[in-house]
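Each protein sequence line maps, in turn, to chains A and B. For the first sequence, my numbering assigns the number 11 to the initial residue and increments by one for each residue that follows. For the second sequence, my numbering assigns the number -17 to the initial residue and increments by one for each residue that follows.
No wet-lab data here; the hints were simulated from the structure. Keep in mind that this is a model prediction, so the values were computed, not measured. Beta carbons are placed, not taken as given, at the ideal position from N, Cα and C, and that holds for glycine. There are no misleading hints in this set.
If you only want the chain A side, here are some residues facing chain B, beta carbon under 7 Å, derived:
1. 81
2. 98
3. 152
4. 207
5. 620
6. 626
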Amino acid sequence: MPFISKIERQLDYGSFNSSHPIVIDNGASYFRIGWAGENEPRVIFRNIVQRPRHKTTGETVTVVGDHNPVLLKYFDCTRSGPRSAFESNVVYQFEIMEYILDFGFDRLGADQSQIDHPILITECACNPVQSRGKMAELLFESYGVPSVAFGVDAAFSYKYNQQLGICNDTGLAITSGFTTSHVIPFINGEPVYEACCRTNVGGYHVTDYLKQLLSLKYPHHISKLTWERVEELKMEHCYIAADYASEVQLFQRGDKEAEEKTRCWQLPWSPSPVEEPPSEEEIARKAALKEKQSQRLREMAEAKRSSKINELENELKGLEFLLEELKDIEEEDEIVLFLASRGYASKREVESAFAKVTQSLRKAKGEQVPSEEKVDISAAEKYYLIDIPDDELSAEQLKEKRRQVFLKSTTEARQRAKQRRLEEELEKEKEKKLEEQKRMENPERYLEQLRAKYKELSEKLEQRKRLKTNGNNANGNNNVSGGVGRGERLNAAQRERMRLLTTAAFDRGKGEDTFGQRDEDWQLYKLMSRDNDDDDDDKPDHDETELARISSRLREIDPTFFPGSESGASASETPRFRPLTKEDFQIILGVERFRCPEVLFNPNFIGIDQSGLDEMVGVSLRRLPSWVQGLEDKMTSSILVTGGSCLYAGVAERLEAGIRMIRPCGTPIKVVRATDPIMDAWRGASVYAAAMQFPEQTFSRTDYYEKGEDWLRRYKFKYTI
Amino acid sequence: MEREVLEAELVLPTHMKFKKIQMYDKYPKGQARGRHWKHLKQIIQAENYENYPPHLPTYVNIETPPSMHPGKKICDITGFEAPYFDPRTKLRYANTEVFKTIRSLPNDHVQRYLALRNAAVVLR
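One chain only, chain A, in its complex shape (with noise of 0.2 Å):
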């Protein structure tokens, strides 16, 4: 782990005398202070603010740098995230800025009423005036700083690694930030700014990028991937190619090689509980829960219609009475006396109210209710009006005629389509015991016609459906406009709207628009929106019928087919029902490993119109003033890497290889990484800081108040003393 902060309070703070300069690299990624002359900073902390509210409090707070994250869960950070006193690499907001160096200095131990020690701090190559004279403002006001130096941090790990003796004075420094690249040509030890480039690509970008790939890939594990975590991922993982090409290809092949550098992130998981079979006891018990439960509903069915046979009887037996009784009664009058009493209007009455309820009787006991011959007997004097001619009846009667006419020829039309449904069953029957034995016969040619007829028809019918909806809707929505994209082809609807609009348009006079001056002319928009289903002939449904029999056969006796498995629709259905596997919760990190860092070579991958480090390294030679001769060539040969971005394995290669490239052919290459790209940029600065010429190099508050910003945008920084 490169990245490391340390936040403890110092406690020597007082034994350092007021001419012991503090040295500041003030680092878009990380904040770091400490004192001139020491190797190591003091404190070091990501240069990020955050304002949480408490949640029981409800007060805001300030949070510099990253803490333990268990610790913010007081704390209601969803209103406002880290936020940055940078953009690009430029200071603009202050305020954050002054809470960054109050936690600095504080954690330095700072306890005097005034920060009474001179002043060391990095900016970016050619700082904005505004930005410098905002810091230098801040430093001189809030703190009380006696004396402030701005410096590069290029420079400053430049001139460490020169005094190491890893480059020589007269070379390039290429250092890759957090937001930024910089090419930096020295010329005996002094920066040129005239000849250096800046390219607004650096870590973050990686880290973005590949956050945005990864979660772009696995939707389903975007809160696993943090920031903080990408960044890990993109540490310990990512590298450089040699050939960005050749490497991609290694993995299109899908070679062994790949597999190796394909990395693999597990994320916690653990299955989900597989459902048991139920026993063999679970099973009986639950048959004989339902055995009891049917066998309940089956008593109190029959208790029902014990009670109901028991009532019909009753009925059935006072009918008889009844009729006996009328059997004794001679008389009309009394006969209908006593029916009246009874509740009846007639004989007749009683008798056909004798055979309902004998029938129901029967029904009720399930015998066979003899209802067909009864039709068949009645057949002929149900319809006994229909062979009179018509001028023999009664008006009435000739109604009544109408009525039976109407009668006879339905109930005929009934019995011949239950003849001829009758027949086709039949004959389904025979096909299918045709089939049976060709399948007998030869079971594996069988299951092969069927397939082939199946895929036929799916075929078919799916053509079909895309030819009339234009497949829109399988492609997703991603036809913004809703029209039809370019090469695509018009549905049949699309068409027809199409033939008619060019028929409106050209049919009749030609050169003159006649259209809408008739009124018949706007039934063709009745045309147009005329729903294009209506027209389906029986022909599709017969083809889908047949479609649907094969399917159901098929999945009959083939027991590897799967209706449909051929579309995309029901593939993309499926693994909603899948269970959730170990390789679900697998963070594959496979081209992203050097795809991502390889935007610093090629800022074009995140839409960066600028030239990569390689490319930059030219752009800075040929800015160089021109009249040194063998110049150049004394550039290539001190080449230092430095930053926090040049980390990822085989920077250097990638370098040589690319400055090779844009340099005449035996050019002297050499690129050296710096000792320590991270923290070289301090320590250049603090051993700068503590050279006996620094205080010349630093400029008081009375120097700003006297002379003024346009002094401030002159002011330059001797880096050799």
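Following the hints, complete the assembly by docking chain B onto the known chain A.
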């Protein structure tokens, strides 16, 4: 405030002994103060770099020019070399399998892939 939070000194104290002007004096509470800082773009504009002599290095003119080489076209999904371009989604793709996936991608994912290389449709 919880004990462990206080022990870790997580919260920055509002009063700093070493400061001449405290934060609460500089930015009093409860006062709407609007935006008191400039964005980098505004800073650069305020610098009036166009009035400077051209040989003087400034924040703007040290920027690297666009690359001399044609940009490498890579598949937006897989990162492979992408010979093809889908006119509907505007995504670049490497082969038929990727094409299948990009056609089944929801529109917002397409836009996010495009945004990665700064090619998304930005609605204002």
